[in-house]
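Take the sequences, apply the hints, and build the full model.
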Amino acid sequence: MENNLALNETYFSFCCTIPAELVELWNWFCFEKGALGTETLQESSLESRLKIFYPKKPDGGAQNLFECFQSELNAKLEIRIHEEGSYPVENWQANWREHFHPVKVGQSLIILPSWKTEIELSGRHPVWIDPGQGFGTGHHLSTALALEMLEQYLLETDTFPESMLDLGTGSGILAIAACRLGIKKVTGLDIEA
1 MENNLALNET
11 YFSFCCTIPA
21 ELVELWNWFC
31 FEKGALGTET
41 LQESSLESRL
51 KIFYPKKPDG
61 GAQNLFECFQ
71 SELNAKLEIR
81 IHEEGSYPVE
91 NWQANWREHF
101 HPVKVGQSLI
111 ILPSWKTEIE
121 LSGRHPVWID
131 PGQGFGTGHH
141 LSTALALEML
151 EQYLLETDTF
161 PESMLDLGTG
171 SGILAIAACR
181 LGIKKVTGLD
191 IEA
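Read in order, the letters of the sequence shown correspond to residues 1 to 193 in the working numbering.
Everything labelled a hint here was simulated from the structure, so no lab data went into it.
Computed from a predicted model, the values in this text were never measured in an experiment.
C-beta: ideal position from N, C-alpha, C; glycine also.
Everything hinted at is true.
Below are the PhoX-like pairs computed for lysine-lysine, each with C-alpha atoms no more than 20 angstroms apart in a straight line: (1) K56 x K33; (2) K33 x K51; (3) K104 x K116; (4) K57 x K33.
Estimated spans, in silico, between C-beta atoms of each pair: (5) S71 x S142: 34 to 44 angstroms; (6) I119 x H140: 17 to 27 angstroms; (7) S71 x S122: 56 to 66 angstroms; (8) T40 x L145: 18 to 28 angstroms; (9) E120 x W28: 46 to 56 angstroms; (10) S71 x L165: 55 to 65 angstroms; (11) R49 x L145: 21 to 31 angstroms.
Now the structure itself:
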């Protein structure tokens with residue numbers, strides 16, 4: 001099966017709910033049948049809701065995939081299929097900016113893309129950054145937590161640091177935030193592979 005979405009104007013996807021203990025097997029099965037990717041939408045200890053992506057609709061659709069999976073395992077399974085359909089391929093390189101929004105972090109920071117200049121800061125320290133492929137936009141939980149911890153430390157410390165090293169700086173968001181929060185000398189280092 002051709003796995004190049006650039007050649008197609010649409011892709012096929014479906015959502016399904018599957019018992020948690022079968023998620024890994026189901027994902028492998030779908031990849032063997034030509035899936036391009038899977039996304040976990042919701043998970044619990046009992047079941048997971050997944051979205052499966054294909055370059056085109058597999059023969060017989062999602063229901064046929066489920067029946068083949070059930071047959072290979074030689075078992076009666078509880079998998080519910082929803083939202084099956086073909087969708088237009090979006091040009092993310094052209095459209096990604098509209099999906100990137102400012103995010104308030106902690107008590108005093110706001111992370112903004114460089115093109116969002118007409119926004120009310122409400123007393124927050126702005127950190128303008130052009131999002132790239134890596135982490136460091138403030139939207140990922142680990143980045144937000146690191147920013148909050150940095151801010152909290154600087155607000156509560158008795159001896160304000162003169163300098164900071166951001167090793168593995170990525171986008172530089174922590175280093176930029178440190179400058180905005182008052183650290184005078186900040187060094188950010190990274191190795192881009």
